[in-house]
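**Student:** The lines below spell out each chain.
Number of protein chains: 2
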Amino acid sequence: MELIVQKFGGSSVANKERIFNVARIITKTYQEGKNVVAVVSAQGDTTDDLIAKAAEINPHASKREMDALLSSGEQISSALLAMAIEALGFPVVSLNGRQAGFVTDSSYTKARIKRVITERIEREIDKRRIVIVTGFQGINRYDDITTLGRGGSDTSAVAIAAAMKADLCQIYTDVDGVYTADPRIVKNARKLSEISFDEMLELASCGAQVLHNRSVEMAKKYNVNLEVCSSLEDKPGTKVKEVTKMEQMLIKGVAKDDDVVRIAVIGLPDKPGIAFRIFQLLANKKINVDIILQSIGRDGTKDISFTVPSDSKELAMETLSEHKELLDAAHIEYDDNVTKVSIVGAGMQSNPGVAAKMFEALYEADINIQMISTSEIKISVLIAKELGVKAMNALSNAFIG
Amino acid sequence: MELIVQKFGGSSVANKERIFNVARIITKTYQEGKNVVAVVSAQGDTTDDLIAKAAEINPHASKREMDALLSSGEQISSALLAMAIEALGFPVVSLNGRQAGFVTDSSYTKARIKRVITERIEREIDKRRIVIVTGFQGINRYDDITTLGRGGSDTSAVAIAAAMKADLCQIYTDVDGVYTADPRIVKNARKLSEISFDEMLELASCGAQVLHNRSVEMAKKYNVNLEVCSSLEDKPGTKVKEVTKMEQMLIKGVAKDDDVVRIAVIGLPDKPGIAFRIFQLLANKKINVDIILQSIGRDGTKDISFTVPSDSKELAMETLSEHKELLDAAHIEYDDNVTKVSIVGAGMQSNPGVAAKMFEALYEADINIQMISTSEIKISVLIAKELGVKAMNALSNAFIG
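Line by line, the protein sequences give chains G and C.
FYI, the numbering for the first sequence is 5 to 405, going by the working numbering.
FYI, the numbering for the second sequence is 5 to 405, going by the working numbering.
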């Protein structure tokens, strides 16, 4: 019997009407003779509300207790969704992260799934029950609750699909697929019928918030048949696959990531090993560094700039400031008035004109580029935050329109 | 090292200020060189809010899903309390029902604790950590979450105290001890410095909502040193013990239970086995029956009346109506405009004047008695609901004032 994993985000289960909407999607699939495991996020703003509640009590609460707190959100949404499916007259059972067998490492608030022990889910499936699973959470080797970090429910869904060799993993969102750019920002954005894992990965890491990056990595690794579809409309979504049919379009998407800060370490001595030390310090604190730029400064010194996610700003500044003398840096500064705009497309590498065309489009829109980063299938530029929307439209017109 | 179990109810952790108040009670005890396990209920109206949320989705939701839902309440309050204790600078860990080792039977929404596997708690205590435990919940043999029913956190606390042979189990409430009657209702109510388990049991089952009945039963069975004290004021509470010092006062308390319905099965044939059948039907549905009255009806038939808790009314009426023909009853009716008023005291049995004095006091207050029930240490009467407060004051004046 076919097995479908379906994942529903927080806005898809935000209230009674939406919960029943999701219940109908699930039971329709079940009635088609398929087995269904549904992974669900916390309702609407629940997670944010819980974080605010914790901050009121203790802004420096331990991450272990944060995870114990936050995991309650999915426990509520999964039970309510199961109750809705019961109301529609179908056999169903809700399982929390532990019951569903999610074993993670111990990095509280951003744990990684080590394995999924699917015995319990399989037992329930064998009884032809619909299984509702809490996304975003698991337990570690100490038997304590962990959470996977923002958007972790996507990863939960793909992990179950991989572990159970599901026929399809559908990620339901409030958009109806993957677009060339955020349709709320860019007028001529187009929906893609297919996209490759690599392109999806670049789009995700460039700020397109459709799929959680780790979920795409995992889907690629285990070759999970992934589909992004709408929980509000019943029409085909976007298939995410290993290889896609060649399309006319070279550039698959334009993305913007506002969640980024540029940090500059100024006046470093121009000798070997300095960059290594900086990035080792940051790596020790598990800070992800994105675009890196090294330039010659005044008086034979050099400057190293790089971008980090906004929520790593404080930790990065703190870590570097503590070691300012060791690094022999003149000073360390940051700029959070920046945004990263990217174009993504698999054919890019073999088309040397793409970068030039991108820079030209930005130049014509009077947008100054602060940093540049390229990979096989994307080009990212760092620009002033207030120019982000203008840049996306300019690039969309140049490459897609 | 001394071990103290402290239990805090939902109103004691309803907001930030109260959570810190509780955190200070706990850390004060810890600083006195004692080990502390604190059992906590869900914040304020959380449980009621979750029940309302479920009812909106599915008024007939399965009890298994109800328990999965409701257990989130204590998970939130226990994590927040742990965060407050972290903020005060003490080592602490929160554990949910499963982590704390609560193994229950499978009667969802009213499960009974079978045993507490205290290894994890002991391991944390050995590290001199304060341990916060979610009350009200456990897991059953199927690895599913269960809850213990209303007031179950008291039972959780006593169960841990019993399993760990704690030196003291303190139940913190918003009253400062056990009173002869509810001080909000009866003007001359007095606080007791001591009360016996049996008296406390009768008071609890007669509607005094200070301690959950099962918690007192369990404390009596395992001889747990119990104390009821105030989370708002730092003064001695009421000790609940096996035997108390003889006090002048014969009657320890006057209690009222509005949560009661009288059901009458009318016109039964006057032959053996009828009462047995009725109460077996109810027992099969796990309905608790309290006062029972059998009387001779018209035409040689008999009537059987009894009281059940309000929330069993529908199930009891349904069950009996289904079997009306089998029982050969003329009709079945209920009256929910009743209340049960009781006096409780250990010396009662050897003082035959007590019942007469009680009935006289009610007679003089012009209160009609519908049913009477007595035990070794209490006398209960069923009267019209609107006369409950009047009856309590009349009895308090007669016996205590």
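It cannot be assumed that every hint is accurate.
[Stated by the list, open to error] Partner residues aside, some chain C positions facing chain G, computed with beta carbon under 7 Å:
| hint | residue |
| --- | --- |
| 1 | 50 |
| 2 | 52 |
| 3 | 55 |
| 4 | 58 |
| 5 | 72 |
| 6 | 79 |
| 7 | 80 |
| 8 | 87 |
[What the hints assert, rightly or not] Here are the in silico distance ranges between beta carbons for each label pair:
| hint | chain 1 | residue 1 | chain 2 | residue 2 | range |
| --- | --- | --- | --- | --- | --- |
| 9 | C | 131 | G | 284 | 55 to 61 Å |
| 10 | G | 56 | C | 246 | 45 to 51 Å |
| 11 | C | 369 | G | 56 | 51 to 57 Å |
| 12 | C | 64 | G | 322 | 37 to 43 Å |
[What the hints assert, rightly or not] Not close to chain C: a few residues of chain G, all C-beta gaps over 12 Å, as computed:
| hint | residue |
| --- | --- |
| 13 | 20 |
| 14 | 24 |
| 15 | 37 |
| 16 | 57 |
| 17 | 124 |
| 18 | 375 |
If you're looking for bench data, these hints aren't it; they were derived computationally from the structure.
Using N, Cα and C, we set each Cβ at its ideal position, and we do this for glycine too.
**Student:** Could you tell me which of the hints above the structure violates, numbers in ascending order?
**Tutor:** The structure conflicts with hints 1, 2, 3, 9, 12, 13, 14, 16, 17, although it agrees with all the remaining ones.
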